[in-house]
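2 protein chains.
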Amino acid sequence: MTTAHPLRWTRADAEARDASDPLAPLRDQFALPDGTIYLDGNSLGVLPRATAARVQQVVTEEWGRGLITSWNRAGWIELPGRVGDKIARLVGARPGELVVADSTSVNLFKVLSAALAIARADAPQRRVIVSERSNFPTDLYIAESLARAHDLRLVLAEAEDLPALLADRPALLMLTQVNYRSGRLHDMAALTQAAHAAGTLTVWDLAHSAGALPVDLHGAQADFAVGCGYKYLNGGPGAPAFVWAHPRHAERFWQPLAGWMGHAAPFEFTPDYRPAPGIGRYLCGTPSVIGAAALECGVDTLLAAERLGGLAALRAKSLALSEAFIAGVEARCAGHGLQLVTPRDAALRGSQVSFAHAEGGYAMVQALIARGVVGDFRAPDLLRFGFTPLYTRHVDVWDAVEQLRQVLETGEWREARFQQRAAVT
Amino acid sequence: MTTAHPLRWTRADAEARDASDPLAPLRDQFALPDGTIYLDGNSLGVLPRATAARVQQVVTEEWGRGLITSWNRAGWIELPGRVGDKIARLVGARPGELVVADSTSVNLFKVLSAALAIARADAPQRRVIVSERSNFPTDLYIAESLARAHDLRLVLAEAEDLPALLADRPALLMLTQVNYRSGRLHDMAALTQAAHAAGTLTVWDLAHSAGALPVDLHGAQADFAVGCGYKYLNGGPGAPAFVWAHPRHAERFWQPLAGWMGHAAPFEFTPDYRPAPGIGRYLCGTPSVIGAAALECGVDTLLAAERLGGLAALRAKSLALSEAFIAGVEARCAGHGLQLVTPRDAALRGSQVSFAHAEGGYAMVQALIARGVVGDFRAPDLLRFGFTPLYTRHVDVWDAVEQLRQVLETGEWREARFQQRAAVT
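Respectively, the protein sequence lines represent chains A and B.
Residues in the first sequence are numbered consecutively from 26, following the numbering used here.
Residues in the second sequence are numbered consecutively from 26, following the numbering used here.
Excised from the complex, chain A in its bound form:
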């Protein structure tokens, strides 16, 4: 293995790192398209090789041949809990505490409703939900909606000002553990402890942390959590999301999306709602079977890392990749106006790196995509690159930096074809 500082790496150094990477075989689990360096697994994870066959089995055998009997015979009815138990292993939750259901947005509505109801019961004078100003919009919109309905205030602040706001004893602190823009990682344990000291409940969105780094919900004594199935969990576009409530809260409240699958006995078809025990009551409608089956394949790609050091090993690799990228861009792409937005301190960094460019962010990302390097753009000015340790190699980092260097040196990003905005950015 090379010991050269990342600033002075050559491509051969990167190749040597890959050759000695014990996690390298995990990449074979994925159907990566030829000629693409994919640095957007933080937006949509890559297709696992196992998924296509599994989805085909669900469609043609379980649905096509088994039809309605597959609810029992193929175990469809158990999917939300079975896949949930697997995700629980990635986020420090215990079996039976976490289910796969709906979207992150819908699950946020459930847990925020529950947390607010508990806060209302325990501390009715508290009227504030605190969150980060640059939290992912859907989190803010759902919180805003509930704040409006319950006559509360949603107070937004910069990350560094959050602890001070706890002094005002808000009802709720709602954060995404890794910020989708900056890639900054919050200290879940410290913030939860500070929140609890202020009598404040915590709701964590794990969209950019579940599957990307070790998460320990129980260790942090977190109150509620939700997360996304289609980013680091590789569940496919629009995969079902997940929801967790600490056992001390799970049965304290009937969350308002009281659909039949959250009923204690859905097939008794009783007219009165009686919530299922524990996290089961956070289910709502009929689960997306194909989606949950695909998600299970994605989660399995992470569980395959358990024998290789698990998320701790993946985390170490992810940080090595993002550090190499930062160093490479700063060494080889200097003088073009890129400003590092992601914390340089590894302890504060998730699994992505963002640079700001006031003028050219969008076009530079488009020019990179045309060269086969897929990152994404986040308005108004961010170039965002995700380093999913399951399938990203050191050589991919080296090559991505090289392509970015060429985009900048040629100035090709100024061409009109790269300025044209698409519907989804």
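Source of the hints: derived by calculation from the structure; they are not laboratory data.
Being a predicted model, the structure only gives us computed values, none of them experimental.
Possibly wrong hints are sitting among the right ones.
Okay, the calculated beta carbon distance ranges per label pair [claimed, not checked]:
(1) A372(B) to P302(A): 53 to 59 Å
(2) P302(A) to R33(B): 51 to 57 Å
(3) G335(A) to L365(B): 57 to 63 Å
Beta carbons: idealized from backbone N, C-alpha and C, even for Gly.
Model the placement of chain B on the given structure of chain A, informed by the hints.
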């Protein structure tokens, strides 16, 4: 074609009906399992032949190769509206008025919230939601949840008592157009007219009518509607559902599940929610792409009927099938205690037939399934059979009656193996 009364049909008569059925070619669209007579399309529609290949394309090409670029290049972002526009053609809605999203339960929460907010604004003294006592439980649970949150009362009544309850001028009338137990069809136009005369808004669940019979939301001047993707629309297990709001209501309210996909400009990532125009604001989280693509294949099987007379022709066939089943059971299975629950009057009948049997309902359904005739059981006593006109033949009806006759005459349903309850019934 035979003109024999259904009570006196022979199997040859049924075969003759099928031979002269102009809708018969539609059955070729489906991958029906050999040796099964499937009378449960009202619970889970059959797999269309086109679906497996389309799902595989989404998984391996659009996701696997296109990755994140498929949101634009494969049109994923337009799926909820594109499939919604196709469903609109089946339910008397107009392009741009209906979207595919979430589950029926979640969509019910959205439209009930909206309808209650409008009622609160226009008639704040109204405190009652009226529904049918035997409405599908998820509808009642969601309504109960909102009633609890808004200090309203949910009043349940038998179908025939609903018009009288409108005299009390409730805020809302929420009904499933075809009752999931009895198969009774409500007169949407008449009930909506009566509701409006009382100043009451209507919310219709089309779970057992969309795709089963002609629905005319605009003709009925309905206020809100939701529906299910996996029954008569053949979208697959847990397929996304749909939601419609009359244009006069669509923009009057910000429904509370204010996720980012319902924002006017989701990719501006602004911290403040600004709802999309029209029905777009009824989207919430990231849509299930695989689920929506499969649903589109299912909806296409119904649109294929448009050149053959469309839903009017399908409705005529469905009624012929259910009438033949009722007549056949009453003629050939008499004396075994089966009581017809479904209205004999075709104008009051959806696309299913239910019989009650106090003692043996569950076991009889199991014995039939063992013989390859798949209906289902609804606690406590209903044997339920759906007659999906797209793929059910007259000869299937004849054979199903024959199998039921043998189950009853042999008494085999009393065997212990048919009494064992499964998780899903």
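If you check each hint against the structure, which ones fail?
-> 1
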